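Produce the complete structure using the sequences and hints provided.
There are 4 protein chains.
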Amino acid sequence: MEIGFIGLGQMGKAIATNLIRAGHRLHVWNRSPAPAQELAALGATVSAEPAEAARGQALMTMLADDDAHRAVLIGAGVYDRAPRGLIHVNLATVSVALARELTALAAQRGLAYVAAPVFGRPEVAQSGKLNVVVAGDPAAIDRIEPLLAAIGERTWPLGSSPERANVVKLAGNFMIACALEAMGEAAALVRAHGIEAGEMLEVMSGTLFASPVYKVYGRLIAEQRYQPAGFTMVLGLKDVRIALEAGQAAHVPLPFANVVRDHFLEALAARRSDYDWAALAEVSARHAGLPSAMNRE
Amino acid sequence: MEIGFIGLGQMGKAIATNLIRAGHRLHVWNRSPAPAQELAALGATVSAEPAEAARGQALMTMLADDDAHRAVLIGAGVYDRAPRGLIHVNLATVSVALARELTALAAQRGLAYVAAPVFGRPEVAQSGKLNVVVAGDPAAIDRIEPLLAAIGERTWPLGSSPERANVVKLAGNFMIACALEAMGEAAALVRAHGIEAGEMLEVMSGTLFASPVYKVYGRLIAEQRYQPAGFTMVLGLKDVRIALEAGQAAHVPLPFANVVRDHFLEALAARRSDYDWAALAEVSARHAGLPSAMNRE
Amino acid sequence: MEIGFIGLGQMGKAIATNLIRAGHRLHVWNRSPAPAQELAALGATVSAEPAEAARGQALMTMLADDDAHRAVLIGAGVYDRAPRGLIHVNLATVSVALARELTALAAQRGLAYVAAPVFGRPEVAQSGKLNVVVAGDPAAIDRIEPLLAAIGERTWPLGSSPERANVVKLAGNFMIACALEAMGEAAALVRAHGIEAGEMLEVMSGTLFASPVYKVYGRLIAEQRYQPAGFTMVLGLKDVRIALEAGQAAHVPLPFANVVRDHFLEALAARRSDYDWAALAEVSARHAGLPSAMNRE
Amino acid sequence: MEIGFIGLGQMGKAIATNLIRAGHRLHVWNRSPAPAQELAALGATVSAEPAEAARGQALMTMLADDDAHRAVLIGAGVYDRAPRGLIHVNLATVSVALARELTALAAQRGLAYVAAPVFGRPEVAQSGKLNVVVAGDPAAIDRIEPLLAAIGERTWPLGSSPERANVVKLAGNFMIACALEAMGEAAALVRAHGIEAGEMLEVMSGTLFASPVYKVYGRLIAEQRYQPAGFTMVLGLKDVRIALEAGQAAHVPLPFANVVRDHFLEALAARRSDYDWAALAEVSARHAGLPSAMNRE
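Residue numbers (this note's numbering), protein chains in the order written: chain Y, 570 to 866; chain U, 570 to 866; chain F, 570 to 866; chain L, 570 to 866.
Some hints could be false.
Selected chain F positions facing chain L (in silico; Cβ < 10 Å) [what the hints assert, rightly or not]:
hint: 1; residue: Ile-643
hint: 2; residue: Phe-688
hint: 3; residue: Ile-710
Simulated restraints, written as ranges between beta carbons of each label pair [stated by the list, open to error]:
hint: 4; chain 1: U; residue 1: Gly-728; chain 2: Y; residue 2: Arg-840; range: 53 to 61 Å
hint: 5; chain 1: Y; residue 1: Arg-840; chain 2: F; residue 2: Glu-571; range: 29 to 37 Å
hint: 6; chain 1: Y; residue 1: Gln-677; chain 2: F; residue 2: Glu-618; range: 51 to 59 Å
hint: 7; chain 1: L; residue 1: Ala-603; chain 2: F; residue 2: Gln-796; range: 38 to 46 Å
hint: 8; chain 1: Y; residue 1: Arg-723; chain 2: U; residue 2: Glu-607; range: 44 to 52 Å
Hint data in this document are derived by calculation from the structure and do not stem from the laboratory. From a predicted model like this one, the values you see are computed outputs, not experimental measurements. For every residue, glycine included, the Cβ atom is placed at its ideal position computed from N, Cα and C.
What follows is the structure in structure tokens.
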């Protein structure tokens with residue numbers, strides 16, 4: 570297929586690369602030019618501005634936050650100049666409010682809006698093993714099936730209303746953040762009793778919690794290894810914040826999200842915004858008076 | 570081996586049965602006589618009082634809480650009358666304070682104290698697939714190895730100080746409770762947006778969270794099925810409470826444990842003490858104004 | 570002085586009435602016409618649209634939330650059509666972000682922006698006993714001094730940057746919400762032990778806590794009397810939410826605000842949005858299984 | 570009256586001094602002898618052991634925590650050797666469980682147990698202006714009225730069941746701790762926006778919160794002055810902990826108490842156990858990355 574692709578951060582670049590390898594022809598655009606040049610070397614066409622990438626059968630985007638979506642899709646005229654019938658496949662984790670807004674705007678412009686947020690860290694994206702939760706017009710989803718197949722190991726259909734995929738994605742990221750916080754508090758508890766975090770986390774991730782989230786992040790926490798980040802504290806805070814907003818809109822208290830949000834804020838106040846979000850665990854260590862990556866200069 | 574076994578609740582009876590099947594000779598005692606009679610039918614000898622079961626090479630106990638341990642082991646004279654050299658293998662989840670107290674008391678009486686708390690619900694105990702975290706005198710642990718092999722699929726050694734196994738067990742149960750709460754809040758969030766809890770939980774427990782805790786409890790939460798309980802709200806509250814006490818003793822704040830404790834208390838105030846602890850999820854549903862098992866009469 | 574006044578809810582009407590009584594000439598506008606007519610009977614001139622009220626030396630506004638400010642001041646052209654040199658005196662509790670935005674916008678239009686949020690419930694506004702925290706251009710504040718003197722018993726100057734008054738107002742409302750929650754939890758604790766909330770609250774508000782917040786709200790809580798509302802749950806949620814946003818912008822965790830926000834959300838989910846915010850106390854009662862105004866049909 | 574007095578810490582010594590000045594004859598005992606000698610200089614008789622002070626018409630005690638009560642009243646034989654008919658007036662903040670236990674024990678020994686916990690810091694005790702909440706046998710309370718009059722400015726009767734006074738005292742101390750935490754969070758919020766804590770706290774404690782708790786502690790927080798302590802972090806933690814236990818026993822969640830408890834634990838982990846409990850505010854400052862007394866070496 571011929572498609573556009575906007576947003577070539579760690580995740581976007583890995584996904585676009587897999588699309589090219591699967592034989593799709595990509596028109597790419599990125600705010601900073603270097604990643605676009607890398608993809609050009611693999612065969613992609615570099616667009617001079619965002620709206621130029623809105624061509625072919627679909628436009629995939631992987632942008633950082635709600636503001637970036639508004640700036641590029643609306644501000645830079647992508648939606649205004651996109652050809653009618655184009656399917657916008659949004660891979661990013663956005664707020665439920667933005668999902669609704671873009672769904673309506675796309676419909677007005679004669680575009681189809683498909684929400685397809687992905688689960689997986691950059692290394693999972695590189696190996697094409699993402700899990701994709703997808704919702705939107707069934708016909709549009711059918712047509713982009715080859716694209717989703719190229720980037721993920723499994724697609725989870727969630728109905729025809731795009732925001733449903735976003736709500737599930739938010740719930741999922743919230744659950745990951747909770748797992749990080751739970752491991753962090755448990756690690757502080759055992760460390761304060763003279764047991765290494767790894768001794769405990771190995772038992773858990775080898776038995777009742779034997780799953781990617783606990784294995785991958787349990788190791789990072791046990792080794793206190795937070796750089797380079799696969800997913801930063803800043804992005805973690807963003808996702809918890811929009812989960813809280815989705816909760817607020819529907820009158821759903823999320824007390825665990827509050828705790829996590831506070832710990833992200835404390836980490837940012839301690840200038841750790843670029844650490845991997847697994848560093849949530851270090852906030853619990855700091856509170857308990859244990860050596861913590863939050864205290865290093 | 571010839572051993573004693575005290576405490577034949579759901580877990581204890583399942584474990585004792587596996588020990589008998591593995592060829593060990595058991596002297597059993599239980600507060601209410603019926604379960605002891607069941608084991609007698611399998612070949613166990615029923616002791617007339619607790620202290621009578623303290624014979625052979627080891628005494629295994631699976632009692633409900635700290636008070637029950639004090640009543641039976643100290644109050645009913647088990648420790649006073651146990652033969653010197655007997656190994657007391659404590660399978661239960663007890664407080665760190667009690668673990669220390671019993672370790673010291675056992676040493677005074679010439680007994681060995683091995684902490685061997687187990688992870689697994691009753692059905693796991695029945696199938697002999699428990700995970701056992703064990704700590705205590707290495708020679709004693711060596712000698713009881715055939716017993717642990719008969720009840721669990723894997724033993725996790727945690728050193729020679731018994732309380733280390735208890736701290737890890739508390740950390741583990743705390744992490745399970747956190748997973749329940751996180752699933753419950755996430756379920757409330759998606760339900761309030763028109764998505765069934767099961768739709769979301771199936772994605773999670775099929776991918777990033779593909780592990781026993783999320784699969785088993787995710788299903789109970791999706792189906793709102795909390796009776797009969799594998800592990801009750803009352804026991805869940807007990808374990809979170811002693812995790813908080815262990816935290817307090819070492820100056821470790823555990824904010825997630827606070828949230829979970831509050832939700833257990835609310836469930837008890839709503840007379841749901843005998844529900845499975847997965848029903849934590851229903852407290853979040855209630856707070857969000859969703860149909861909840863906490864509201865039924 | 571000749572001034573405009575926009576926003577005649579419970580608070581705005583009481584304040585405008587005092588201004589008229591003090592001899593000022595008012596041009597008033599309100600979304601629904603009835604309150605404007607009441608003031609006309611006292612001598613005010615009713616403006617046909619918001620921008621018409623922007624005349625004389627100052628424009629006072631008392632609008633409900635950030636959205637209403639944007640709709641009226643920007644959307645309805647008040648700022649565009651206001652005469653240069655007019656002093657906009659904003660009496661409402663707005664977000665720090667909006668305070669900054671309006672300060673900049675006013676400066677561009679040649680207007681002065683003074684933040685003058687007020688502390689006090691409607692009955693306090695009626696008696697002209699509000700406490701006003703004020704910040705902005707000192708010369709402008711000097712000129713509006715007669716207006717502030719007419720509505721409050723005391724003005725608290727907080728410097729020349731308007732947002733400073735807003736931050737202090739948010740901190741103050743947050744502290745009131747915390748006092749409500751603390752009284753609510755304490756009331757649940759004593760009630761569950763067979764003591765009436767009033768017996769305890771009377772001791773507190775008669776001694777260590779002998780101040781308006783505890784006396785006024787302590788009585789409402791003791792009597793479980795939440796209607797008619799002096800300040801609704803919805804407005805309380807709004808203020809806690811913008812306090813949390815102000816905290817987030819500056820990386821300040823506010824765990825008490827989280828608890829309060831969750832309880833407001835639960836009250837809204839239970840359809841109690843129009844109760845006085847003192848009804849926060851009923852959420853704690855509900856959680857403890859006590860008779861609660863949150864459970865009534 | 571001739572009475573005994575046990576426990577001469579900061580509070581106990583101040584109270585005993587006022588009793589002597591009011592003309593009562595005191596037999597005093599204290600674990601460390603120095604304070605007893607000071608009172609001897611004022612005319613008190615020093616008892617050689619605790620039980621010797623249990624004479625005359627009443628025994629007043631002001632001990633630090635539940636353990637100290639058990640050690641002195643039971644362990645050191647005070648209750649065993651006290652003359653029948655003696656009224657034990659317990660001025661301390663104890664757990665509800667201990668209040669019940671002592672009430673029962675006193676009845677068995679033919680003693681009367683009156684709970685009379687006091688509100689007020691050491692300087693208030695010195696000036697005889699404590700507020701006393703009192704519960705117990707009405708006849709006994711009548712007889713000790715002259716004693717209560719000598720130490721406090723007002724007595725608040727709470728019925729004939731002693732534990733009622735303890736529950737109210739716990740609720741009160743919990744409310745003070747909440748006020749400290751609320752001021753601390755509000756202070757962090759304004760400081761992070763460039764406003765001094767004192768600027769904001771002066772407004773609050775001069776208006777809506779014009780009461781002793783906010784005035785006294787607001788000043789300590791504004792000046793970050795936490796030594797010497799009027800009431801230490803350790804004692805604050807103790808009181809919040811027993812409030813949580815009282816809540817747990819009656820199934821009452823107290824989420825504010827959880828936050829406060831966590832912040833006390835963090836302060837203890839940071840070795841600030843001997844700071845005044847107003848230093849709770851410094852934990853919020855630390856979390857926000859502001860200069861904090863928790864970080865000093």
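We went through each hint and held it up to the structure:
no., hint, in the structure
1, Ile-643, "violated, 24 Å"
2, Phe-688, "holds, 6 Å"
3, Ile-710, "violated, 16 Å"
4, Gly-728(U) / Arg-840(Y): 53 to 61 Å, "violated, 37 Å"
5, Arg-840(Y) / Glu-571(F): 29 to 37 Å, "violated, 52 Å"
6, Gln-677(Y) / Glu-618(F): 51 to 59 Å, "violated, 30 Å"
7, Ala-603(L) / Gln-796(F): 38 to 46 Å, "violated, 59 Å"
8, Arg-723(Y) / Glu-607(U): 44 to 52 Å, "holds, 46 Å"
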